[in-house]
Each structure stands twice: as structure tokens, then as C-alpha cells.
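The primary structure of each chain is shown beneath.
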Amino acid sequence: MSRLRVIAVTLAAAAGIAALAGAAVVFLGLYNTSAKSGHWAITGWVLHTTFENAVELRAPPPKAVPDDLEDPALIELGARHFDSACRMCHASPGQVAGATVRAMVPPPPQIERATANWQPAEMHWIVEQGVKMSGMPAWPAEGRGDEVWAVVAFLSAVKRGLGPADYATLTEPSPQGYCAGCHGRQGTVRAPRLDILSPEYIATALRAYRTGARPSGIMAHAISQVDPAADARLAADLSDLPPAPRDENGQAPAADAEAIARTGSIDIPACLSCHGPGNRNPLIPSLDGQVRAYLEQQLFLWRDGRRGGGARAVLMHEAADALTDVQIRALAAYFAERGVPDRNDPE
Amino acid sequence: MSICRRIRALHPVALPLLLGGCDGPQSALRPGGQDAAQLYLLFVVMLVGAVVLWLALNGLFFYFTRVNQQQFSLRHGNRIIIGAGVILPTVVVGSLLAWGLSIMPSQRAPGDGLVIRVTGEEWWWRVEYWPPGADAPIVSANEIRFPAGSRTELRLTARTYIHSLWIPSLGGKMDMIPGRETVLTLHPDLEGFYRGQCAEFCGASHAMMAFESVVMAPDDFDAWLAHEAAPASRPQTPMQVRGQDIFRDEGCGACHAIRGTEFTGSVGPDLTHLASRHSLAAGIMEVERDDLMRWIAHTRDIKPQVAMPPYDWLDAEELAALAAYLESLE
Numbered sequence: 001m002s003r004l005r006v007i008a009v010t011l012a013a014a015a016g017i018a019a020l021a022g023a024a025v026v027f028l029g030l031y032n033t034s035a036k037s038g039h040w041a042i043t044g045w046v047l048h049t050t051f052e053n054a055v056e057l058r059a060p061p062p063k064a065v066p067d068d069l070e071d072p073a074l075i076e077l078g079a080r081h082f083d084s085a086c087r088m089c090h091a092s093p094g095q096v097a098g099a100t101v102r103a104m105v106p107p108p109p110q111i112e113r114a115t116a117n118w119q120p121a122e123m124h125w126i127v128e129q130g131v132k133m134s135g136m137p138a139w140p141a142e143g144r145g146d147e148v149w150a151v152v153a154f155l156s157a158v159k160r161g162l163g164p165a166d167y168a169t170l171t172e173p174s175p176q177g178y179c180a181g182c183h184g185r186q187g188t189v190r191a192p193r194l195d196i197l198s199p200e201y202i203a204t205a206l207r208a209y210r211t212g213a214r215p216s217g218i219m220a221h222a223i224s225q226v227d228p229a230a231d232a233r234l235a236a237d238l239s240d241l242p243p244a245p246r247d248e249n250g251q252a253p254a255a256d257a258e259a260i261a262r263t264g265s266i267d268i269p270a271c272l273s274c275h276g277p278g279n280r281n282p283l284i285p286s287l288d289g290q291v292r293a294y295l296e297q298q299l300f301l302w303r304d305g306r307r308g309g310g311a312r313a314v315l316m317h318e319a320a321d322a323l324t325d326v327q328i329r330a331l332a333a334y335f336a337e338r339g340v341p342d343r344n345d346p347e
Numbered sequence: 348m349s350i351c352r353r354i355r356a357l358h359p360v361a362l363p364l365l366l367g368g369c370d371g372p373q374s375a376l377r378p379g380g381q382d383a384a385q386l387y388l389l390f391v392v393m394l395v396g397a398v399v400l401w402l403a404l405n406g407l408f409f410y411f412t413r414v415n416q417q418q419f420s421l422r423h424g425n426r427i428i429i430g431a432g433v434i435l436p437t438v439v440v441g442s443l444l445a446w447g448l449s450i451m452p453s454q455r456a457p458g459d460g461l462v463i464r465v466t467g468e469e470w471w472w473r474v475e476y477w478p479p480g481a482d483a484p485i486v487s488a489n490e491i492r493f494p495a496g497s498r499t500e501l502r503l504t505a506r507t508y509i510h511s512l513w514i515p516s517l518g519g520k521m522d523m524i525p526g527r528e529t530v531l532t533l534h535p536d537l538e539g540f541y542r543g544q545c546a547e548f549c550g551a552s553h554a555m556m557a558f559e560s561v562v563m564a565p566d567d568f569d570a571w572l573a574h575e576a577a578p579a580s581r582p583q584t585p586m587q588v589r590g591q592d593i594f595r596d597e598g599c600g601a602c603h604a605i606r607g608t609e610f611t612g613s614v615g616p617d618l619t620h621l622a623s624r625h626s627l628a629a630g631i632m633e634v635e636r637d638d639l640m641r642w643i644a645h646t647r648d649i650k651p652q653v654a655m656p657p658y659d660w661l662d663a664e665e666l667a668a669l670a671a672y673l674e675s676l677e
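Listed in order, the protein sequences are those of chains A and B.
Going by the working numbering, 246 is the number at position 246 of the first sequence; the sequence numbering is gapless.
Going by the working numbering, 604 is the number at position 257 of the second sequence; the sequence numbering is gapless.
Derived from the structure by calculation, the hints contain no laboratory data.
Beta carbons: idealized from backbone N, C-alpha and C, even for Gly.
A couple of the hints might just be wrong.
Claimed, not checked - Not everything, but these chain A residues come out facing chain B in the computed CB check (under 8 Å):
#1 T263
#2 D267
#3 A270
#4 S273
#5 C274
#6 R280
#7 N281
#8 L315
As the list claims (entries may be wrong) - Across the chosen pairs, the derived CB separations fall in these ranges:
#9 A:D68 x B:W660: 34 to 42 Å
#10 B:H625 x A:A236: 47 to 55 Å
#11 A:R262 x B:E633: 30 to 38 Å
#12 A:V326 x B:L394: 55 to 63 Å
#13 A:A19 x B:H553: 54 to 62 Å
#14 B:E528 x A:A232: 50 to 58 Å
Unchecked claim - From the derived model, a few chain B residues whose C-beta atoms are all more than 12 Å from chain A:
#15 V399
#16 P436
#17 I450
#18 P452
#19 V462
#20 Q544
#21 A546
#22 M563
#23 W571
#24 A577
#25 P651
With the rest of the complex left out, here is chain A (with noise of 0.2 Å):
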């Protein structure tokens, strides 16, 4: 036999052997799965060294990190999205997680661990994708990389200190309902007012909500809490919630807002022959008085085509596709601080 013949028959052999081997591991059982004695030293070792790395090489770059990560109504919106969805595992500041989640393997870090030696553009990452084998979860909607931002806004905060005194205030329960803890008289001005939308609207959005028709990680996490049975009623009460009283110290809507909200452009189709006085359809809702910063990131979403909703959802994209920047400012701006009609004034 050649020399390079018995290397073949060698290598070939111990492919054998390794695979049979590893058969054996995975269909006879082998392998202790049990989290009771944790991973050995060099195991968690390399996992975790591979996890920082990563995160490091894909967090986004720096300058995508908005400028309004301080804003209180951005850190409110987090911490109160915190609060529901992932308070269980990190537990809020100060506080610790509770026995079973500690048992975890690995164990989810405490908050202000979590924090401490990430910046901004890395705990975006790091929240949206999730971190595969450890348990933390991606963001539960496509494309929502936007909404990410008032988590991590909440979590800068934690980082510069927020303390459990701050965190019991910015995520007090309102005696409204859990919804209102964000909507209601408390609400964040970041979250949208509720009683200027129809029930039919509401349920329409709900409904987009909980089979995904329309992404948004806090408000898919938000709607499963609530029983599906329930939404229709859960309309009706959502739309006649009274929201928070804002003070926005509005940026005086642009001049050409109001022309384009009335007759539209040879590319604009005019926002108000919707979402006018004048038009009673239900499931189309009403703008004005709407939240500022809401209505903005809306108007971005449709116009990138993230956006989904109910069946007329098609026409939002045809109709934002041409703004600039500038206009859906403009447009936000003005339908902010256009009056709230009277909803039972026929005309």
C-alpha cells in the first residue's frame, strides 16, 4: 500500500469514527443537557468572549444613534415597555430577579450590570437581535429597529444612574388600566392618543398588531397581554381614553403644511380628503390633535414602507411615498396642533 493510500484509510476511518460517535451523542442521549451544573470555565469562557465580539463588530456606528436619547417621554416609553417585557428576567434597578430566572443558565445579568459596559449603538444591537443560546430574545417585529431607540434610551439612563425611586415613578401603574400606563391622563407624549380614533380603527390596529400585519416590537409584546376575546370591548373603552394634557412647545407647523393637508400636489394626495372632517369612514382615523412625535414616526414608516395595517394600508403608501423629510415634519406639526373635533357635532 502507498503512503498516501494509507493516509486516506486513515482519515476516512476516523471520519467514521466521528460521526458514529456523534450519532451516538445525539440519538442515544449521551450529552447531559441538565443546566444544574452550569457550563465549565472555558466553555462560558469562549461563549461569552464570542458574544462580546460580535456584538461589537455589528453594533450600528455611532452617529445612528438619535440625538433625543435623553428625552424623559422616550426614557418613559422604554422604562414602561421595560417594565412589561423584560423587567421578569433583568429585574428593574435595585432589585433582583427572581429565584427561578437567577437559576438560568446563563443567568440573565441584573440591569445595571446589563448596562454598564455597552454604549448606546452596541445595547441597540444587542436588544434587537437577541443573543442566541442565553435565552434573551430578538425584537419581536421586523424592521422596528426605530422603536428599539426608547429602550435604549431607558437603558442609558439606568446607566447614568437611574435609581429604583425614578423607575417606580417613570413606570407607575395607571388606575386607568394597563394601557393607559402608556395612552392614558400619565400616558408617555411619545405613545399616541386613543379618543380621537374610532373603536372600528382600534380594532382594525389590534387586530394588525397581533397577527403582525402591522410590526411594532413594544406594541406586539403589549397586545399579548391583553386577551384577543377581549378586543372588541377593549376598543370601545381604549377610544374614549383621555390622554395625557401635552405641552410639546410646538415647532410652528411650515407654511406649506396646511396647502398640502388641504389639496395635496401633483405627487401628494391631500391628507385632509381622509382624515378631514368630512370624511366619516371609521376605519379612517382622525389626525388632529394627534401626538407630534407619533404622528412623524408614522409618517416615516409609511413612507419606507414599513408600515402595515388594516386592508387601506396601501393607500397610506401611495400617499406618503413622495414626502421629504421636511414636509412630514411640517404635516406632524400641523396636525398636532389642528383642534380635536367634536365627535359627537355632526358636522
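The hints should help you fit chain B onto chain A, whose structure is shown.
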């Protein structure tokens, strides 16, 4: 039209197949105006000339190879070559060039007053009539009407892509270019319907970008234009009223104007007198109940990539009411 008939008479079976394109409302061989007649004459002269030349050339070949095979003298040969090979083509091509150049300006001759601005959109035609002295246009779409017996100026441009306006029975084609204005003037003479078509490939629905053009007696045209300038009629029947409510509540007015109502959008075609037009969706369907219902619910299946979204959530009753309202917009 005469040449087609005459050629057709030669062979009753085969030629109609070949000459199917000669007839109908979209034929350059059936001129309905001065400009098309001029192009038609040019075509006929070229065709007849080409046939004569072809026969003469083959006649010469035949003569020299079969009839008279004698050797010619050098002088005689040179005379034939210089006469038939240099002088004749120079004279023929030169005179064709002179004639062609001399009739070119008439394709852009100044109009007699009426100006029609046409904008090529994706994939339809925005049409504005500017009668002499007007300070605002009379807006319409997807149909161009002309008064017979005078020269109308067409000022053309396009929205996003390059299109080309061509009414073969009335004249030549002219490109429509975004950000630039091109001018074409037409002098239609024969009253009737002529079909126009975009003649420059412009994207997914290029083949579905057509229109009707109508040449009318001057008095009829004036009466029609006055009616076109008037606001839309009000809905009469309960079904039409319901259709108008649906039109409003579905936000149709954000893109479509119906003058005399609250609907003032300018993204899509003006619908003020939709029902008096002879086609729907830029020359591809008719303005009648079934086509309207099918169009509104299935725009993008019928016309790929068109801007108007398909309103497929409307049920048959709603679509019928909407169609009834649109059909009432005479």
C-alpha cells in the same frame, strides 16, 4: 384610404390580412388632417418611387443580361454609370431632401389659438385646454378633442419617464420629456374618432397608455368645451348619492378632482366629466358599469404598477354604487 382599398381589390383573400393595419381609427394610411395627409403623401411618393426604381433597375438587369447582350463602348457604358448611378440618385435624393425640409416647418406651424397641454403620466395623459386668452386651463384626461379645420398647438411634457404622443391619423409623433416642453401642432380636417398611443417605451404599462381623440365641427367643439369647463352634475338617484358618499369616505378625492365638489386632488386624472369620455384608464376600457367596477377593484392586475391602489376591500354593492356615481358624471 383609397390606396388600401385599391390594393385590397387586387386580392380579396390574402391582402386584407396584410393590410389589416391600413384601416381603423389608428392608421397613418387613413389621414384625418393636413399633417397626416402630408406624411401620407410623402409615404405614397416614396413607395411609388421605390417601386418604379425597383422595376427600372430590374428591367435594366434583364435588358443587359437577356435581351441585349452586346458589348457596349466604354463611352456608352460610362454614360449609363454616370447618368443612372450618380446623377439620378443625386437628383432623386436631393429633391426628396428639399421637399422633406420644406414641409418640416409645417409640422410645427404656429397654431390658430387653441393650446392643449398634455403631460405624459404613469400611464395616462393629463390634458389641459387653454383657449385663447384663458388664464386657467380646462382640465381633463385621457382624451384629446380638436376642432376641425384649424391648427391646434399641443404643448407636451412628461412627469417621470419619457413618453411620446402619437395620433397616427392626425400627424407625426412627438416625444414628451420630463422637465422640457416640446411642441406639436395638428390641423385635423375630418370629424371622427382617432386613437392615440404612447409611442416611446415607458415602463410596465406602456402598451396600456392610449387615448381617444375626437375631431369635432368647430361649433360642436366650442359647445363641448363649454360643457367641459362647467362643474360636474350632482348625483340624482339614491345609488349615485351613495356612490358619492363612498367616493368621499374612501378618500378618492385626495387624488381625483371632480369640479363643483369638495374633491380637489390633482395626483390622478380629473373625473369631472368622466362619463362623457370614450374610454377608461387611458384607452383600455370603457366607461360603463362592469369596467368601472373591475377597474376600481383590480387596478394593478389590469395595469401593472399603476399608481392607483386596487380597492379590493369594497364589496360588489359598494363598487356598483361608486360606478353608478362615476357613470353619472356626464
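Status of each hint after checking the structure:
no. : hint                        : verdict
1   : T263                        : holds (5 Å)
2   : D267                        : holds (7 Å)
3   : A270                        : holds (5 Å)
4   : S273                        : holds (4 Å)
5   : C274                        : holds (3 Å)
6   : R280                        : holds (5 Å)
7   : N281                        : holds (4 Å)
8   : L315                        : holds (6 Å)
9   : A:D68 x B:W660: 34 to 42 Å  : holds (37 Å)
10  : B:H625 x A:A236: 47 to 55 Å : holds (50 Å)
11  : A:R262 x B:E633: 30 to 38 Å : holds (34 Å)
12  : A:V326 x B:L394: 55 to 63 Å : holds (59 Å)
13  : A:A19 x B:H553: 54 to 62 Å  : holds (59 Å)
14  : B:E528 x A:A232: 50 to 58 Å : holds (57 Å)
15  : V399                        : holds (53 Å)
16  : P436                        : holds (52 Å)
17  : I450                        : holds (37 Å)
18  : P452                        : holds (33 Å)
19  : V462                        : holds (19 Å)
20  : Q544                        : holds (24 Å)
21  : A546                        : holds (24 Å)
22  : M563                        : holds (29 Å)
23  : W571                        : holds (26 Å)
24  : A577                        : holds (21 Å)
25  : P651                        : holds (15 Å)
Violated hints for the displayed structure: none, as all numbered hints are satisfied.
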